[in-house]
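Take the sequences, apply the hints, and build the full model.
Just so you know, the sequences run in chain order A and B. Here the first sequence is numbered in the working numbering, starting from 86 and rising by one per residue. Here the second sequence is numbered in the working numbering, starting from 69 and rising by one per residue.
Quick caveat, the hints were computed from the structure, so don't treat them as lab data. All clues given are correct.
Quick list of in silico lysine to aspartate or glutamate cross-link-like pairs, EDC-like style, CA-CA up to 16 Å:
(1) K247(A) - D83(B)
(2) K131(B) - D136(A)
(3) K247(A) - E233(A)
(4) K131(B) - D133(A)
(5) K131(B) - E140(A)
(6) K247(A) - E75(B)
(7) K131(B) - E111(A)
(8) K131(B) - E106(A)
(9) K131(B) - E135(A)
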Amino acid sequence: MGPSLQSELAGLVRRCLAGDEGALRELVQRFYGPVFGLCYRMLGHRQDAEDAVQETFLRLVRNLHRWDPQRDMLPWVLAIAGNRCRTMLAARKMPLAAEEAVLTLPDRAASQAPADELNEELQQALARIRPQHREAFLLFHEHGLAYEQIAAALGVPLGTVKTWVHRARQELFACMRQREGVTETSHALPRV
Amino acid sequence: MRCHEFESRLQAVLDARRAPEQDRILLDHARVCDDCYSTLLAQRRLLDLLRCTLPPASGDDAKDRLVAVLEAEARRQRLVGCAQPTTTARNVRTGAAVLAASLLLVGLAMWLANAALDSKRPVLAQRPASSSPTHRHGSGGPPRRHLPAVAIARRPTAPMHPSQGEASLPAIEGASLPWHPADLLLEAPRLPEHWQTYRPAVDELVIALPQVAQRLDVVETWAPGLRPLRMTLVWVWEALWPTTTWGHHDASQPKPQTGGATAADARHWA
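In structure tokens:
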């Protein structure tokens, strides 16, 4: 993140703390997408994701004065969102029945399936892995955070984050390989 | 390349955010290994899904609702923030509370210590509860030990309290005693040998002790926390008393009794 963007964020936070309601709206506009995306991927349900987003932003507003302007804000916000999601998943007690999810996977190639079904396929694959692994995987692959940022956001060592992401990949690859469509021609690599 | 090396390299390529399909070594192995080939396809499909599928758009009014909630929260926080004391005021209040609690604890500990000592040590002299009009106060609480009221000539004293003006110490019934304080100084046959070195100091102490005790009685009415000091003087006196002529006489000899140097007396005389 460039210094200009960082100073812009610092100004935005100052305005929020000063009670500028327009700044609050701007803050929501800026982070709503990534936060909702993570919450949806973590929870797999839109309404739950919206609840998690609201809790995330409430906590963000309550703790805005603690944000260090020297540090990137997105990992911090996503860490709050991840915590909320994990809390909600723990409250559910049973995130998703993995075997059941596999049985209902749509049997289509990615290029042919409607967007909703592809989305569901991905969600069901993500639901098979542990929430911590899933969060680390999503922060790395979907939100583009570096391992160092993820480690700082989740409060775990760098090596642990790498392990979580690698395990998430292995489990997701295995999940994908279980599907028949994986070897279909739309994804086939050129073989000699 | 072996399959486990393929796996490690695939993870490293993904960690570096490069495309595995462009890694020649991975492709070479995938062409000869069906298992790794399907792994490569799986990762490709997974990352394609991540790239191509977006979470369903949230409701149109979801952001507006969220902003309204956040504005309400921000207003509430500002109100709470106004009502909250500043950090300095909070620190001062905390310090005062801690100090008050400490004083309370110290006072309680001293009171308990006194109570324990009172219950263990023999009473030197105790007046009947209603033997004189000076005992109208002080009912209740542990029995108090009184310093002996030796006969000391009435001398002018400094005012003990602004309201008391030039009030002098009360008259003590020393005239009725069959002994004189000088006897205490001159006759101390039981003073241990090793104390003889300190005889001048002991004499001064014996002279000063009764008056100090009387003053402490008065002060004690204003500051009950000073009672341990008075108790210390009682112990000193108890150590000295047996060394005097009167201390080892039989019970027929009148033992010095408190003549009126109590807090109640002080109030009465005031």
